[in-house]
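Chemist: Residues per chain, in single letters:
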Amino acid sequence: MDNLSQYNEVFFEEAQEHLETMETLLLAYDIDAPDMEELNSVFRAAHSIKGGSDIFGFKALTGLTHVMENMLDSARNNELILTTDLITVLLETTDVLKNILSCYREESEIDWEIIEASKERLGATLQAIAGAGEQIDALLEEEEDQGFGFFDEDDDESEEQEDPGFGFFDEDDDKSEEQEDLGFGFFDDDLNSEKAPADDENVGFGFFDENIDTSNEADEQQNPVERDEIQKEETDNIGYGFFNEDPQTEPAATPIENTTTPQQATTQKKTAVKAPAKAADTKAEATSIRVETNKIDKLVNLVGELVITQSMLNLIGSEVQESIADKMQSALIELERNTREIQEAVMSVRMLPISFVFNRFPRLVRDLSTKLEKKINLVIEGGNTEIDKNLVEKISDPLLHLIRNSVDHGIEMPSKRLEAHKDETGIVKLSAAQRGGEIVITIADDGAGLNRERIIEKALEKELSLPENLSDSDVWQLIFEAGFSTAAEVTDVSGRGVGMDVVRRNIESLGGRIEITSAAGIGTVFTISLPLTLAILDGMTVEASNQVFIIPLVNIVESIQPVAEQIKRIKGKQLLWVREEYWPLIDIGKTLGGNTTATNLETGIVVLVETSKQRFGLVIDSLLGQQQVVIKNLERHYRRVEGIAGATIMGDGSVALILDVDSMTQFIQSNL
Amino acid sequence: MAILKQGNTSSMPAKEFLTFVLGDETYALDIMTVKEIRGYEPATKIANAPSYIKGVINLRGDIVPIVDLRIKFNIGEATYNEWTIVIMLNVRDRVVGIVVDGVSDVMNLEAEEIKPAPEFGVAFDSRYLHGLAALEDQMVIIVDIEELISSDEIGVFESA
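Chains as they are written, first to last, in the numbering used here: chain A, 1 to 672; chain B, 1 to 160.
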């Protein structure tokens, strides 16, 4: 086993993926119109985990997946109809499996009680639903008593054998699943020996030799880990002949192979279905590798340094003497293009489809809606929109929260929905799209909408000072206040009011914004805009009080040199009249640069910026230029500074601060 | 083996300290916290920071804050010239630079050589002191630099 331990990590990763596949497919499973191919995939996933865990000696996984596999198998053969309850139990079982998996991964103690309880649950549910005790007994007993429980099924098989041209192949279908994992097809010893006569019939067709070659080859490619074992087995089998009646010698693998031949020969369709899946597997293996994330992070950091070095060179290049200036310039342009391409390539390595996050939610919505007795359909769009890996991790919690809110507060009870002439089933739509340099994620529900009166009432209760004539969007912003919840009662799902302020803070800390639109009776839409990446930003470099600052380009509306007529005053504070609008002003030199006197507006420049909350102007001395900057965290060695999003290193090696335009709005309030 | 024996002979291994000068006083800090020593270079000012935080500099790609202890503790005159020294410290997994008037020496001190500090007479609160030691005829104040830099009083780190 020692030489196998190096593959443990691979097994864990694969098992994790299989579990996720199972979960996704089970969730998508339509009880009324079962899709056999999906069921087969679930079965295959369970089977692969079983096989793998047995080889690696993770017995806890093997036992439980085995019971699960049997259940799925009978469902596949239409011996068992999957009901919602059964699916729920199956989902719970995948949860238990995930737990066990992480226990093995962390090498911590396995809780056998949970496994047994889970097995019993599976059994109990089966019993309750199918009623037909024998079959279930067979399924369960097989676990403990291999030589016993299969008789019922064996009967069926012998019946099928009477009609070898037809019924046999159905059975083959099962076997072909086993074929995937030749090395561990031992569980059905008795079954195979029972089947031997049937296989004997095939001897006449002379399939066997050819057969072993092909299927073993396939297996070797697929599963190099087991290769040795299988080869050994193969030679054993050849020596004995394939139909050794003695179950102790474990010839199981061979008879299983045999059965595949008629299948390959006759039921083309089934192989056709399976073949692409296998091809896809091998293809994926060949074209992708697993890389530790910290290696990629390091690469990104290095590219960041490269961008800085490149801008340093640019600076030097502009001072170069005439004789080589041209050559230098063209080399620099080349370098710049290459740097940008490297940067884009490295960034794309870090991009993941957002479905990594989205795929967790169908389960959540299903569980919640069952619990709340609501009918909800979660629609996911744009799952393949790519997003920075770091963002994926950080956006998950806020999204989880918003979806919970939509399910809990947004969508009404079915009876209420019918009263309101809506479809009984509510829709929560989660979508993602890339727009310009931003990722826009929306969570929309067709529920009751936000209740304006209740929010205002609650705000007054909280003694928040409210200006008169609040616009709707101002009211919606109130729900982001700490401790704000309008839920009539607190449930364990949501309503404690600790969430929305955290949601907004998290999103803003990612450099994003969140907006709400809502209409009573029609629904609520949360729109989250996030930057594509956290590491590099397009910025405008400006100067104020002899210091360089960077304003993120996304925030900038335009830059103007104000004329006297545009400057208005209210209570000694200056406002700018541009585009039929009064813009409050923030003097960067004074608020951030340490200037004691205000910049003269008529000689300075005003950069008009906008955030989700407000539009205003930043007063600076001069514009320096536009460039890409690498965002360096200020908090790594220092602390958070109001109005500053981070720092960057300029071409000359000096540090420039990047403005956090969103959090600057507070300077306006304190200024006024 | 030789190392083991050495360890056994002296009951308490001597610790090394870096001594530095602030005004007229000589201070020392645990040399293990020192990352490097470099000349002063102008830092990028940070908005609304106290005057003793000179700003941040680029230390090979890291943005590192610079604290001028002379301003913080009102010792000596805060002038910046080619001899002004910055000691880059590694404190609790962060890097902070401190500006001092000069770095003088590295000294070995046994634990028993460090005498408890009086409650008065030094610019630093006794919380941030390990004690006093004598170097020839000079008194050296041994600073618990980790405690000092991570304190709220300096306020470089986010208070927990």
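Because the hints were derived from the structure by calculation, they are not lab data.
Note that the structure is predicted; figures quoted are calculated from it, not measured.
All C-beta atoms in this analysis are idealised placements derived from N, C-alpha and C, irrespective of residue type, glycine included.
There could be a bad hint or two in this list.
Covered by chain B, according to a simulated footprint, are these stretches of chain A (three or more residues, beta-carbon under 8 Å) [unchecked claim]:
1) 586-594
2) 636-645
3) 648-656
Chemist: Compare the structure with each hint and give your call.
Modeler: Taking the hints in turn, this is what the structure says about them:
{"no.": "1", "hint": "586-594", "verdict": "holds (count 4)"}
{"no.": "2", "hint": "636-645", "verdict": "holds (count 9)"}
{"no.": "3", "hint": "648-656", "verdict": "holds (count 5)"}
Comparing the model with each earlier hint shows no violations; every hint is respected.
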